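Colleague: Spelled out from the first residue to the last, the chains are:
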Amino acid sequence: MANLSLEAINLTKNYGSFCALCNLNLKIEGSRCVGFLGPNGAGKTTTLKIFTDLIRPSSGQALINGVNVYTHKKEALASVGALIETPEIYPALTSREALMMQAEIRGVPRAERNKRIEEAVAEVRMEEWIDKRVGKLSKGMKQRICIASALLSQPAVLLLDEPTNGLDPRGMAEVRDIVKSLKTKKRLIFMSSHILSEVSEVCDEVAMIDHGKLVVYDTISNVEAKFSEGQNIVEVGLQHPIDDRFVNEDVATLPNVLAAEKKDDKTLKIRLNGGLDVRERVLSDLVRLKIGVISYKPASAELEDAYLKLIKDTV
Amino acid sequence: MNDKETESVNTVPASLKQVGITMKYTLLDYFRSRRFFILLTINLLVGALSTILVGYYRPESYLSSPLSFYSSWWGNSVTFTIILSAIFFGGDAISGEFQNKTGYFGIPNPIKRSSIYIGKWLAAFLAATAILAVFIAITISNGIYYFGLNAPIEFGESVLLAWFYLVAVIGFTFFFSSLFKSNSMSIIVTTILFLFVFSLIQTLVSTLVKIEPWFILTYGGQIVGNVLTVPYPPHESVIRFGPNGAGTLTTYNATIPEGLLIIALYFLITTILGLILFQRKEFT
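From first to last, the protein sequence lines are chains A and B. Add 9 to a position in the first sequence, counting from 1, and you land on the number used in our numbering. Add 217 to a position in the second sequence, counting from 1, and you land on the number used in our numbering.
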């Protein structure tokens, strides 16, 4: 796949006088994982449904790898795996048969079909249920089979609409791990979600939408840096417990550190004054302190701050 | 998945092949469905009951000649079997994609909506044909028992016409299935139309207004039973009644070319309209 891209050009969807999607312009290029955030009714699912031919745009274009979904659906969706809402499968088919149907429709080579089905089913941990009829499966199990179906053709573009919806906490964690494992040099993942920590954990970039309009599209770090008033919060994982005095006297006094506190014995929460450059310098300083840093990541609360600020501002 | 750094080498099949794939799996779903077993059971029970009753009472109207047997056994009930099969398999074939959300599994694939529609249409047609085949088998078994292999040619013609009629009835049920997003609505409307409204309009138009009801599918479908009547019933017949024959009752019988034309037009128009509706309909 030479040029991975997902592009909305003046994409609009009206229902009578209500504009569900208003002139959305968004271009995502290359291999990356983009989270698509917004409140209920913001237009996230509408956008994904237009990209998968479930609904038609009132005006504008939805292009996948430069191909218009509306006018050249087969070509546009040839390299796309999608999971929109919670699909149902023909109840009398077994999971294997339902996936075989998808594999055949998507043109998975005959010799690879069984292997790919078994791999996809193993990925979503449904091996025991592969030969059971879909009608017997729970909602969460069906969702897993649908995720397996989206992965089956090893698509270059993955469109996921709240993929953890309907899953139990373990299932949600597993799906997040699956999505993370799918982030490769040759894949574009566009994933809508309500769960900010999920996007923060899984995605590299974020697009926020509200009232059918794009509010921001940037890397998560930039959005956090830009919209949390220059303050960055990082979580630092430590190999050994650290005492309060060291935190207050050595960590909190580092350059560009506004505040430092213990989240628990082995985790620090540090508020920084600055963006990515500052974050990098502080990491170097922490390593120099030899406090046993084993992880260093932005706190999800920061994305939440940015989200609340951006969405609130548009109301 | 072991695809982390590999490119997909899938080649999306031609639309015609995708029609076949959709048909194959929809048919598999139909054959395993409860409704298929219900329809099959009804068919077998009615067949068994008829076999017992005809065998026990030996009615003259059935056993006077091979033609009267096939006319009474097959001609009187085949259209009902066709309508029931078409409603069972076509009534919610498209509306179910919306209401049951199976469309969310199929539509986001690189497949034209027309391929899905045609594939599902063919599956419904084959499933209904299977039910019809059971009915044919029961009819022929009884026919052989009473008259040996001496089946009249008119029965063969009727079977072909019945199959052709089935095509139009399924086209019609698919049209209503595309019109509504609710399974129950599409099934109820189609059932009411076939079992009550069409018969009522046909009777009213023929007897009161004295217009040939050429615009009604069930009128065209009469050729399936009429072909078993020798000589073929007159196109128009007027029965006089009351004092001095003042009152008249007009009935019409479609000729075979006319019936074929009505069936063909219904098939073409409703199938095309249903397809257009399905292509425009949105999964909101």
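Quick caveat, the hints were computed from the structure, so don't treat them as lab data. Be aware that one or more of the hints could be misleading.
[Said to hold, decoys possible] Computed list of lysine to aspartate or glutamate pairs in EDC-like fashion (alpha-carbon distance at most 16 Å, straight line):
hint: 1; chain 1: B; residue 1: K329; chain 2: A; residue 2: E94
hint: 2; chain 1: A; residue 1: K278; chain 2: A; residue 2: D253
hint: 3; chain 1: A; residue 1: K271; chain 2: A; residue 2: E244
hint: 4; chain 1: A; residue 1: K278; chain 2: A; residue 2: E214
hint: 5; chain 1: A; residue 1: K145; chain 2: A; residue 2: E97
hint: 6; chain 1: A; residue 1: K272; chain 2: A; residue 2: D252
hint: 7; chain 1: A; residue 1: K278; chain 2: A; residue 2: E258
hint: 8; chain 1: B; residue 1: K427; chain 2: B; residue 2: E453
hint: 9; chain 1: B; residue 1: K329; chain 2: B; residue 2: E499
hint: 10; chain 1: B; residue 1: K318; chain 2: A; residue 2: E94
hint: 11; chain 1: A; residue 1: K195; chain 2: A; residue 2: E210
hint: 12; chain 1: B; residue 1: K241; chain 2: A; residue 2: E113
hint: 13; chain 1: B; residue 1: K234; chain 2: A; residue 2: E113
hint: 14; chain 1: B; residue 1: K329; chain 2: A; residue 2: E113
hint: 15; chain 1: A; residue 1: K272; chain 2: A; residue 2: E244
hint: 16; chain 1: A; residue 1: K306; chain 2: A; residue 2: E210
hint: 17; chain 1: B; residue 1: K318; chain 2: A; residue 2: E258
hint: 18; chain 1: B; residue 1: K398; chain 2: B; residue 2: E499
The model shown is predicted, which means the values in this text are computed figures rather than measured ones.
Colleague: Compare the distance between the alpha carbons of K271(A) and E244(A) with 16 Å, and conclude whether the hinted pair is satisfied.
Modeller: 10 Å, holds
Colleague: Next pair to validate is K278(A) with D253(A); report whether the Cα-Cα distance is within 16 Å.
Modeller: With Cα atoms ~12 Å apart, K278(A) and D253(A) stay inside 16 Å; holds.
Colleague: Given the hint that K329(B) pairs with E499(B), test it: the Cα-Cα distance must not exceed 16 Å.
Modeller: 14 Å, holds
Colleague: Quick one, are K329(B) and E94(A) close enough, alpha carbons at most 16 Å?
Modeller: 20 Å, violated
Colleague: For the pair we were handed, K318(B) and E258(A), check the Cα-Cα distance against 16 Å.
Modeller: 60 Å, violated
Colleague: Given the hint that K427(B) pairs with E453(B), does the C-alpha gap stay at or below 16 Å?
Modeller: Holds: K427(B) and E453(B) sit about 10 Å apart, inside 16 Å.
Colleague: Run the distance test for K318(B) versus E94(A): straight-line Cα separation, threshold 16 Å.
Modeller: Status holds; Cα separation ~9 Å.
Colleague: Compare the distance between the alpha carbons of K329(B) and E113(A) with 16 Å, and conclude whether the hinted pair is satisfied.
Modeller: Given that 16 Å is the threshold and the Cα spacing comes to 14 Å, the pair holds.
Colleague: Would the hint linking K145(A) and E97(A) be met if the CA-CA limit is 16 Å?
Modeller: 12 Å, holds
Colleague: Would you mind confirming whether the straight-line C-alpha gap from K234(B) to E113(A) stays at or under 16 Å?
Modeller: 9 Å, holds
Colleague: Does D252(A) sit within 16 Å of K272(A), going by the straight-line distance between their CA atoms?
Modeller: 12 Å, holds
Colleague: Taking only the CA atoms, is the gap from K195(A) to E210(A) under or equal to 16 Å?
Modeller: 20 Å, violated
Taken one by one, the earlier hints fail for this structure at numbers 1, 4, 11 and 17, listed in ascending order.
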